[in-house]
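J.: Letter by letter, the chains look like this.
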Amino acid sequence: QVQLQQSGPGLVKPSQTLSLTCVISGDSVSTYSDAWNWIRQSPSRGLEWLGRTYYRSKWYKDYAEAVKSRISINPDTPKNQFSLQLNSVTPEDTAVYYCARGRCATDSCHFDYWGQGTLVTVSS
Amino acid sequence: QSALTQPASVSGSPGQSITISCTGTSTDIGGYNSVSWYQQHPGKAPKLMIYDVSNRPSGVSNRFSGSKSGNTASLTISGLQAEDEADYYCTSYTSITTVVFGGGTKLTVL
Numbered sequence: 008q009v010q011l012q013q014s015g016p017g018l019v020k021p022s023q024t025l026s027l028t029c030v031i032s033g034d035s036v037s038t039y040s041d042a043w044n045w046i047r048q049s050p051s052r053g054l055e056w057l058g059r060t061y062y063r064s065k066w067y068k069d070y071a072e073a074v075k076s077r078i079s080i081n082p083d084t085p086k087n088q089f090s091l092q093l094n095s096v097t098p099e100d101t102a103v104y105y106c107a108r109g110r111c112a113t114d115s116c117h118f119d120y121w122g123q124g125t126l127v128t129v130s131s
Numbered sequence: 010q011s012a013l014t015q016p017a018s019v020s021g022s023p024g025q026s027i028t029i030s031c032t033g034t035s036t037d038i039g040g041y042n043s044v045s046w047y048q049q050h051p052g053k054a055p056k057l058m059i060y061d062v063s064n065r066p067s068g069v070s071n072r073f074s075g076s077k078s079g080n081t082a083s084l085t086i087s088g089l090q091a092e093d094e095a096d097y098y099c100t101s102y103t104s105i106t107t108v109v110f111g112g113g114t115k116l117t118v119l
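Taken in order, these protein sequences are the chains called S and C. Each residue of the first sequence is one higher than the last, beginning at 8 in our numbering. Each residue of the second sequence is one higher than the last, beginning at 10 in our numbering.
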């Protein structure tokens with residue numbers, strides 16, 4: 008049974024960096040058929056895919072255009088986890104953040120396991 | 010990339026069938042067989058119900074089915090039950106931004 012356990016602060020000040028970690032159990036961050044994603048949800052923006060990292064002989068990363076200049080998603084193979092860093096946050100980045108396992112092929116992707124969600128509020 | 014278009018709400022009585030539509034474009038739904046549907050109860054993470062247009066993950070009731078025609082995908086729930094009351098979201102792979110979500114549909118079981 009795959010489980011994803013998220014951790015990280017629930018309050019971040021404007022202009023600072025949002026950092027979250029997702030620990031994987033029951034699977035490996037390096038599994039060939041998987042991609043490891045961050046998705047957020049807010050009342051104003053709905054569900055929004057932020058980006059992913061995956062291993063196919065080397066590590067790849069894809070990011071949503073809306074956050075591409077501010078985001079970094081990194082795998083940590085020894086700890087079997089991956090992380091999200093979102094720089095220069097504003098109140099617009101206030102949302103529930105989810106990590107999720109993606110079963111992604113060349114032109115398809117769906118998310119079959121999700122973390123529990125972390126409410127991150129951007130406020131001074 | 011605009012979100013996929015879903016009705017804001019649908020409703021049905023127990024035992025009835027309902028269908029939720031999800032409309033996109035040729036760069037997402039119309040271009041790929043990669044539509045998936047998620048059920049979300051309040052305060053919970055989304056749960057995968059349908060993937061690749063019409064496939065059900067193990068453990069999902071066969072009362073849930075999916076289809077696609079052109080740029081529109083549909084989720085049908087037959088034999089409505091009280092526990093089906095939730096928000097439902099569609100997603101599609103896209104040529105532009107990898108994955109795009111629908112705006113969500115609130116299902117009310119009367």
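Just so you know, the hints here were simulated from the structure itself, not pulled from any lab data. The reader is advised that the hints may include incorrect statements.
[As the list claims (entries may be wrong)] With the Cβ distance kept under 7 Å, some of the chain S side facing chain C (calculated, not the full set): (1) P50; (2) L54; (3) T101; (4) Y105; (5) C116.
In this text, all values refer to a predicted model and were calculated from it rather than measured experimentally. All residues carry an ideal CB built from backbone N, CA and C; glycine is no exception.
J.: Which of the listed hints are broken here?
T.: The structure conflicts with hints 1, 3, although it agrees with all the remaining ones.
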